[in-house]
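2 protein chains.
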Amino acid sequence: MAAPSVATLDPADIARVSDLAARAREASRRLVLLSRADKDDALRAMADALDAETDAVVAANAEDVERGRAGGMAEGLVDRLTLDRDRVAAVADALRDIAALPDPVGEVVRGSTLANGLQIRQVRVPMGVVGMIYEARPNVTVDAAGLGLKSGNAVILRGGSAAESTNRALVTVMRRALEEQGLPADAIGLLEGGRDAVRALLTARGQVDLIIPRGGAGLIQTVVTESTVPVIETGVGNCHVYVDAAADLDKALAIAVNAKTHRPSVCNAAETLLVHASLADEFLPKVLAELSGAGVVLHTDAAAGSAAEAAGIPHVEATEEDWDTEYLALEMAVGVVPDLDAALAHVRAHSSGHTEAIVTEDRAAARRFTTEVDAAAVMVNASTRFTDGGEFGFGAEIGISTQKLHARGPMALPELTTTKWIVEGDGQVR
Amino acid sequence: MAAPSVATLDPADIARVSDLAARAREASRRLVLLSRADKDDALRAMADALDAETDAVVAANAEDVERGRAGGMAEGLVDRLTLDRDRVAAVADALRDIAALPDPVGEVVRGSTLANGLQIRQVRVPMGVVGMIYEARPNVTVDAAGLGLKSGNAVILRGGSAAESTNRALVTVMRRALEEQGLPADAIGLLEGGRDAVRALLTARGQVDLIIPRGGAGLIQTVVTESTVPVIETGVGNCHVYVDAAADLDKALAIAVNAKTHRPSVCNAAETLLVHASLADEFLPKVLAELSGAGVVLHTDAAAGSAAEAAGIPHVEATEEDWDTEYLALEMAVGVVPDLDAALAHVRAHSSGHTEAIVTEDRAAARRFTTEVDAAAVMVNASTRFTDGGEFGFGAEIGISTQKLHARGPMALPELTTTKWIVEGDGQVR
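Same order as they appear, the protein sequences are chains W and S.
Residue numbers for the first sequence follow my numbering, beginning at 11 and rising by one.
Residue numbers for the second sequence follow my numbering, beginning at 11 and rising by one.
It is worth saying that the hints were derived from the structure and are not from the lab.
Bear in mind the structure is a predicted one, so any value in this text is a computation, not a measurement.
C-beta atoms are modelled at their ideal positions from N, C-alpha and C, and glycine is treated no differently.
Warning: the hint list may mix true and false statements.
[What the hints assert, rightly or not] A few chain S residues that face chain W, going by a derived Cβ cut-off under 7 Å, partial list only:
1) Met137
2) Asn268
3) Thr429
Just chain W, same shape as in the assembly (with noise of 0.2 Å):
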């Protein structure tokens, strides 16, 4: 897929794009001067504002809400965009919790001296000026806010479309309050316009730092692909549950059940169960038994197939395309794989580098699939369902990296920085 050229957006969006970026690098050069204690009364500060703008916010939301019922918009969806007054208390308690954790700023990663006395050290610093792409969830809006506030960067925030009143009214909450501290506005921008906007956004490249796409998979795709400026891709989660020969069939039972169940629509949830084949007479009807009371439309290979067949569980045939389908929802492939290799064979034609994950009593093939499997986090008898920023104990998540580069997995605030070397010296020379 091309990216456009620049040269075909309108002029007037690459015109407001550009002077939303300087001004939010402006912004940016005063946060990296404030202390913590600076940053976290600004937080604290926005979070008053939100909860003493209440009904404001309330009311911008219900535009949005009727705007998207009037145009037909699915209940789970409209439930997603809606914030009623306990949750304009809840993301305001969010940024309470951000200030409350540690400053990434600062932080000493290594260094040392060197032999001609150089004294050298990476230090954590702020990325400058972040994008974020992102859908429905007007939380989102306030997160990443609360999150580049408290990194030191400047964020530029592209909400969907379908929450603009919503997000309209929570930035303006956020920037005054964030003048009202003496701290400038333009820390928080908002870019409205249409899907040109965001492609004058995607080619800032040197004025934009850093893009994270936040959303569904054709989100993603487009950032990916038309983006000159860097981007951390987030999400995608086709994760598997494979069910080894050594398994505690206990364990396997609750952990494929969790992983599927426990909340569906997540990236983490698990989309595809393999069970070795010593366990298909056993186990298998098992677990599909209580899949299928859980709701779950069990998508089966011809040996799953048989033994829901001989159970009398429903189920269907499983396409090829359902072991690449992050369904998102009560619908889960099931394979039988006669060992391990095929197990790790599978999971590596299938994986999306998100969460894969073992249930095993075999120290040796565990040992094999953390060393072998490629994805963001591989979990050895724990359901797929920990690969969280807040489950892993940070206290915050801007989400899941599936990419290489920078970061990978659950994303909090020191992934929002970048570093700088300081080098201080007595006149060494080379």
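Assemble the complex: chain W is given as a structure, and chain S must be docked to it using the hints.
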């Protein structure tokens, strides 16, 4: 600049790159299983093979040199292209040096035990398949292959067409050595063909994990704008030396001259000298005389020009372009600034984000400079020439990143890896 549509590429080039990438991927799956000892043995075997095949390599190189000379190649480039027996011995030794470095793969970056008993650890793992696109110097072919192998990556090498015969000979020798060690020859791939072959590599997203361009600004710009594969931008260095009012003038003189003249053709050489106005009468004529005496063409602003004029030092008037020019030669832009703020503003406007230096004995000035300058390396009282993997004690260098994502500054073995989260549990579910 628009990326070319894949559809406009010759299908033969796409097929060739796909095949090369698939074989590299297959090889990378073997590399991930190797112990450090296996890899070091292979590196030493490659070095021995290069020593043994010196004659063949030198003969192949002679073809390239002859073709280059016949085509009117400048002597400087001919020198960079030439591999005599001593230089072959040096590149072989570089592989032995890499064997002596610690293995980055397997390093535990961080980890913890969660409240629920899950043991999580973030471990360095190879990227997978790394593409290197570079220009004339054939030693990069051997360095990149060696650093790739040590970090567990398969590499796809694309050298300059001027070094075609040399690169083919070097790669043939190294691949054969790998095979003799029982390792996959496809760990080292060579991409031949025209510009379309390079374009096919740049758009092989998913098949290639990372591309590192090394070379001039034109090459890097092409790779950065055309690639859909993640790229680490390297190299362009418009480095400044700012001599503050509170500078020790002996140090300032030594640093300015060293930064400009020690090796003018490299990216960490200084291109602009900024001098505080209070030093215009005493220090400025002295440093200009020294630089001029070392053969440096001085491009001066009005104030520096006056000082040069008064002291009878040859100089030319700086144009706006000079402040953005990476001369890579014995030329330097020289300006006088009224204060630290003006120096910071100048650096901000013209820095390429590589290395910036201040010379000062004033702690507050040093602190402001290191905090406010946004660059991969910021030096206090040291020559810009120290931004280098060897100088920093990394033992090797694959390039100097001037971007903020993944790696910033000198890149060595750890920067050629990514990480994987390994999560070990005992049946945990959410």
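Going through the hints against the structure:
1. Met137: Hint on S/Met137: holds, closest Cβ of chain W at ~5 Å, below 7 Å.
2. Asn268: 4 Å, holds
3. Thr429: 5 Å, holds
The structure fails none of the hints (numbered hints given earlier).
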